[in-house]
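Chains as they are written, first to last, in this note's numbering: chain A, 1 to 304; chain B, 1001 to 1307.
These are computed hints drawn from the structure, not numbers from a lab.
Derived contacts from chain B toward chain A, CB cut-off under 7 Å, selection only: (1) Leu1058; (2) Ser1111; (3) Asp1112; (4) Tyr1113; (5) Ala1115; (6) Gly1120; (7) Ile1124; (8) Asn1131; (9) Leu1284; (10) Val1288; (11) Met1290; (12) Met1294; (13) Leu1295.
Each computed SDA-like pair below joins lysine to any residue, with the alpha-carbon atoms no more than 25 Å apart: (14) A:Lys129 x B:Met1239; (15) A:Lys291 x B:Val1100; (16) B:Lys1006 x B:Ile1172; (17) B:Lys1296 x A:Ser104; (18) A:Lys291 x B:Pro1105; (19) A:Lys36 x B:Pro1105; (20) A:Lys276 x B:Asn1131; (21) A:Lys36 x A:Lys171; (22) B:Lys1006 x B:Cys1263; (23) A:Lys36 x A:Val87; (24) A:Lys36 x B:Pro1298; (25) B:Lys1296 x A:Leu103; (26) A:Lys129 x B:Glu1236; (27) A:Lys276 x B:Met1239; (28) A:Lys291 x B:Arg1108.
Yeah, the Cβ is synthetic: ideal placement off N, Cα and C, and Gly gets one too.
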Amino acid sequence: MSTLDIFLQQLANGLILGSFYSMVALGYTMVYGIIKLLNFAHGDIYMVGGFVGLITLSLLSPFLGAGWAGILVAMIISMILVGLLGVLIQRIAYVPMLSAPRLSILITALAVSMVLYNFVMSMTSGEYKAFPVDLGYDGLEFGNVFITYTQIILVSSTATLMLILHFFISKTMYGKAMRAIAIDQDACRLMGINVKTIIAMTFFVGSALACAAGVMAGVYYGSIHFFMGFLIGLKAFTAAVIGGIGSIPGAVLGGLILGLLESFGTQLPFIGSEWKDVFAFGILIILLLFKPTGLLGKTEIERM
Amino acid sequence: MLAKNKIKLNNIYALLVVVVLAMPLVANNYVLNTFSDVWFYVIVCLGLNIVVGYAGLLDLGYAAFFAVGAYTTAILTTTFGMNFWLTIPFAMLFAALSGVIIGGPTLRLRSDYLAIVTLGFGEIVRLTARNLDITGGSSGIYGIERPFFFGIEMNGNIHFYYAFLLLAFLAIFVSYRLQYSRLGRAWQYVREDEDAAEAMGINRVRVKLSAYVIGAVFGGVAGSFFAVKMTAISPETFMFTQSILILLGVVIGGMGKIPGVVCGAFILVLFPEIFRFVGDMRLLAFAVIMLIIMLKRPQGLWPSRLG
Chain A
1 MSTLDIFLQQ LANGLILGSF YSMVALGYTM VYGIIKLLNF AHGDIYMVGG FVGLITLSLL
61 SPFLGAGWAG ILVAMIISMI LVGLLGVLIQ RIAYVPMLSA PRLSILITAL AVSMVLYNFV
121 MSMTSGEYKA FPVDLGYDGL EFGNVFITYT QIILVSSTAT LMLILHFFIS KTMYGKAMRA
181 IAIDQDACRL MGINVKTIIA MTFFVGSALA CAAGVMAGVY YGSIHFFMGF LIGLKAFTAA
241 VIGGIGSIPG AVLGGLILGL LESFGTQLPF IGSEWKDVFA FGILIILLLF KPTGLLGKTE
301 IERM
Chain B
1001 MLAKNKIKLN NIYALLVVVV LAMPLVANNY VLNTFSDVWF YVIVCLGLNI VVGYAGLLDL
1061 GYAAFFAVGA YTTAILTTTF GMNFWLTIPF AMLFAALSGV IIGGPTLRLR SDYLAIVTLG
1121 FGEIVRLTAR NLDITGGSSG IYGIERPFFF GIEMNGNIHF YYAFLLLAFL AIFVSYRLQY
1181 SRLGRAWQYV REDEDAAEAM GINRVRVKLS AYVIGAVFGG VAGSFFAVKM TAISPETFMF
1241 TQSILILLGV VIGGMGKIPG VVCGAFILVL FPEIFRFVGD MRLLAFAVIM LIIMLKRPQG
1301 LWPSRLG
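Isolated chain A (complex conformation) (with noise of 0.2 Å):
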């Protein structure tokens, strides 16, 4: 292979992983724009998404096939199931402590996370579960570069969902409630808005989000695990930071950017595939270091 085939094989690679960051990112800067929650069970509700298009897709692929029209319904399904999830999350566990110190509800997400993958484990058994799907292996040959139809397929839904999503954001008028109540809960509450649903709603998208993410990557990588959302969840915080958190595009553009670099990052001399994450997670840390604010982030004046 030349190293122009490399590069645009790893040009692909880059693109399908970022756009899983992408999705999951979507769920984090959502949530945080409007109410400064870093909500640690995100990437555990991806994990949970996984498992849920897994039960549906097995219930469904009787009727509708292995393929993508069993694939398409399934998804659909669990994406409406773990958003409701995601609510029923947001009502019992952060809705109580929207007025508690940082540090407790930082805490009580963390837990919620700890409960969803514990108790996946425990009804998995800690195993990798396959997906019941059957594409083949088909693709479109560029040269030495090949990629498989699932792959494009992949690639166009979640640019699909995420052209829904900005449609939903800026069009609508919940969208617009939303960016309202990340500026100024208060005078949103005086306008009229009702708070307490367009968050539940808020919730309800990341979610719905996330495990279109967590269905896709089971239909992608074949199998999933109970252990697949923490480091997703790692991974997509840091594609939210990078594109600046709070920051919609950011996210989608932070997804993409973390994507291609880890990519591009294991045909480095120095960086081999196991250091793959260490790359990652340093680019966390350099990048909170010296731009907290990310790509597309507004600076942010704490008041006292």
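Chain B: place on chain A using the hints.
What follows is chain B alone, placed relative to chain A:
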């Protein structure tokens, strides 16, 4: 009335000390081993308590300090043939150094960023230990020799029981001394209101950094004893879940309260031993307990003031 209560409480503590000191006379190996673990977790929980409880900094990578201590001792005794007791100052030094490395640049960050950075740092330490040759890669380091204490080889459970017990007493003592020291009061001030503390002339970065370093030293010492007790260490010992387990001990008992944290360490070790049938559900049960505690009783099981 208050003085009377205090005397009563002191009597209870004295009784407890006698019980734990005399315990090896009647206990079997299993009990001794379990209680060595209890004392071990008392030490690390108290160390983390300095960071989380006193200074109010959420550290999700505490196992990294403990890993640094354990690996320092393991490498120095196996590769360089150093005496175990001489490695302890090095373990402390390197743990303190890693405290500075993690703390120094990140302490200007807000608490939620700090949490995620420490989480990332904990993972970096573990992954580095897994990828380097000197740390034995993913299989870790084994065949660490047991130390001699005045000519007696520390090879029984009873030796480590007393070693960890002594260290735990030391940790409790140091924590008490720190709590009401000038530095301890500064930590609590920074925890309650950083800006006000700074306005009062407290150098918040230095104060926070010292919390990190002292917490790290606790972890480092515990790690070096852990290495010789186990005689083998591997990167998987220092996973994220280990950090969380230690944090749990601190939170369940009550952040910032020494008796509470000691209690938390007891619960951490004894709960799964007593409820063996819980098995794999242990961490799930813990997680649910932690969630309920945070929601219903955020001050922990042992509050600082009764009533």
